[in-house]
Amino acid sequence: MVLKDVACGSTVKVQKIIGQGAVKRRIMDMGITKGTELFVRKVAPLGDPMEITVRGYELSLRKADAEMIEVE
Amino acid sequence: MPARIALAGNPNSGKTTLFNTLTGSSQYVGNWPGVTIEKKEGKLRSDTYRDAAIVDLPGIYSLSPYTLEEVVARDYLIDEKPDAIINIVDGSNLERNLYLTTQLAELGIPMVVAVNMMDIVEKSGDRINLDKLSERLGCPVTGISALRKTGIADAVNKAVELAERKTPMVPRHRFSDEVEQAIASIEELLGDKVEERHRRWTAIKIFERDIKVMERMDPDDNLRERIEDIIKSCETAMDDDPESIITNERYLYIASIIKDCCRKKSNGKMTTSDKIDRVVTNRWLALPIFALVMFAVYYVSVTTVGTWVTDWTNDVLFGEIIPPAMESFLSSIGTASWLQSLILDGIVAGVGAVLGFVPQMLVLFLFLALLEDCGYMARVAFIMDRIFRKFGLSGKSFIPMLIGSGCGVPGIMASRTIENDRDRRMTIMVTTFIPCSAKMPVIALIAGALFGGAWWVAPSAYFAGVAAIISSGIILKKTRIFAGDPAPFVMELPPYHRPVAGNVFRSMWERSWSFIKKAGTVILLSTIVVWLMSGFGIVDGRLAMVEDANDSFLSRIGGAIAPIFAPLGWGFWQAAVASITGLVAKENVVGTLGILFGFAEVAEDGVEIWGLLASSFTALSAYSFLLFNLLCAPCFAAIGAIRREMNSAKWTWIAIGYQTLFAYGVAMCIYQLGMLFAGNGFGIGTAAAILALALFLYLLIRPDKAKGTKPRGTVPVV
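Those sequence lines, one after another, are chains A and B. Residues in the first sequence are numbered from 1 upward in steps of one, following my numbering. Residues in the second sequence are numbered from 1001 upward in steps of one, following my numbering.
Since the hints were derived computationally from the structure, they do not count as laboratory data. Please read all numbers here as calculations on a predicted model, not as lab measurements. Just so you know, even glycine gets a beta-carbon here, dropped at the ideal spot from N, CA and C. Errors might be hidden in some of the hints.
Coverage of chain A stretches by chain B, computed from C-beta distances (three or more under 8 Å per stretch; other residues unrestricted) [said to hold, decoys possible]:
hint : segment
1    : 18-24
2    : 27-33
3    : 40-50
4    : 58-70
Start from the sequences, fold in the hints, and give me the full structure.
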């Protein structure tokens, strides 16, 4: 499953981050690495981007980018 | 020479507050060379701290090569060799903040870690063992509260001491054995090519395949190959790309530190910030609240308070008070009439034009600073991102455009809140397409004179503005200058907190002042030039001041360039001159047409010349004239603001060149195709218009090259 399809209010664990370059690096720099727990808080009123809790803080990312994050 | 200390840390870590406390009023605000990123420097307040200069680096999360801020920061740390770093970290968000710390530590520059917001940490019942943290990181660690001003002197004095003793930072962190081996081999290969203290950092960056660091080293093919072999074998052994390996290991290391040094009192209770956020970005309430906040900002800063003070400065202070007083003073000392005119109509009017915007700007910047400081600005981007990213803009572009409908100058300045350089440039380029209040008289003039005051003219102007923004966004994001993937929108949503008065007022003042300084020169110079052109001419074979505007240089220039506008349907010199004086201020278009058609003064909507205009223009050519003047290069004040925000002459020219070309194309298509449909036959103009339209459509719908051929994320943002 990818992060994009995770329902609001659930907690998941990062398995792998697909892709390369700037976007992937940025995602990882912000603390989304293998094994990290992510809590999906909400989705913006217009349906995109989404807001997650990672390492104790709030992060927003686009669904297109959330597709690169495989979770379980 | 006093020590130079760099202040580094994540955005929202309290860096600005700390910098303000450290330097007080001795700040210099400028830009990093060649980019639109702010650079702040200052001296430590001598009454409290040791003697040292301090540089505020951009707020960053990492030292990757992918964002401009991060590149600016790391280039400064490597090239300018500051004597020490104060790394400010947010104690309530230690885990992610320490990620940057691990990278800064590798630079070898003496470093102190200042854990900020200790008061909040303590209040929440969490514990951070600073001694243990210091031991694990290998550098002094102090607890501070930038807001309550506690512990700051200790942190700073430690940094100054380290700087004087030149104790290089030796990071305690070791990567896994395979990685350390690879790094050691790269360090060996680099040898004397790199200064010793930066060697580890450089080797790690090269291991990450950091293109920018690699270019600096400029290795020959042989060396390049040997390095690549080392990276490849490690990559195969660990089954991951080197960037991910390094990032993963950093966070694993940090997790072990956190486990060692922090005790979190985990209570499931929601914080106040969580509660606010539940309402403010609620699925149903978010948009109404957003609309309300934006309405309030617009209403106060543009419609009411902002306009009152700006009108007062323009009409009373620089209309009724200063000019008459100056005039009687100049007459009393017997100044020549041309000099009097230069001072009154050129300089005073120019200074007035600059200062007239300042009150409005102060009000607007006050709001922006409040929105930024309390944390709502990040939510604006969160809420609006979906709409704006389709046109290559940022969610935060909404605010400049909203403000731009009142006045383009503060609108352009409001783009300052957009972090990404490319999004910001694009926003600056399209903001003035929205009709501002100064364009209203022009719309009223054309609607009244040619369309019998038809209701649809004004709405159609706004529609044209919005359409211009959308199509420009789509066109520009595919061009080479804006090429590449959109900046990753991976953004922190900081907790809400009460704005800090000192920060808010300082930010308000700094932004207004930078407008006065930079934009002011452009505005002043150009008003003087236009004054010269309109006041002088060749009369009876010699240069003289002209009584009749028809004799001035301006009217000659108007006559010379008028043919350019013939394809637009208004190739007569009065219209051309009016468009030029529109550059001083758009409402001048009305007044100039009035003067050129023989009236000394006309009403705001120019009702006196409606009849004359109706005989010079057709409905079609008038509409083309209107569209051109709405979309072309904005007034000098706005151009000055563009110059200030672009921080580059080249980009300023690109912006106003694009706007004018775009306006020309649109006006030509409207006029020529309108003529064609009216049954006026097919001419060269029609062909040109069809070509322009075809080009426009092609640019609009052509596939985005950057998207199609390259996999996501391979193009560096810079």
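Now the hints, each set against the structure:
A count of 6 residues in the segment 18-24 of chain A with a Cβ less than 8 Å from any Cβ of chain B is obtained; the coverage claim is therefore met, three being the minimum. Only residues whose beta carbon comes within less than 8 Å of a beta carbon in chain B count, and the segment 27-33 of chain A has 6; three or more means the coverage holds. Residues of the segment 40-50 of chain A lying with their CB closer than 8 Å to a CB of chain B number 8, which satisfies the three-residue condition for coverage. A stretch counts as covered by a chain when three or more of its residues have a beta carbon under 8 Å from one of that chain; for the segment 58-70 of chain A and chain B the count is 7, and the coverage holds.
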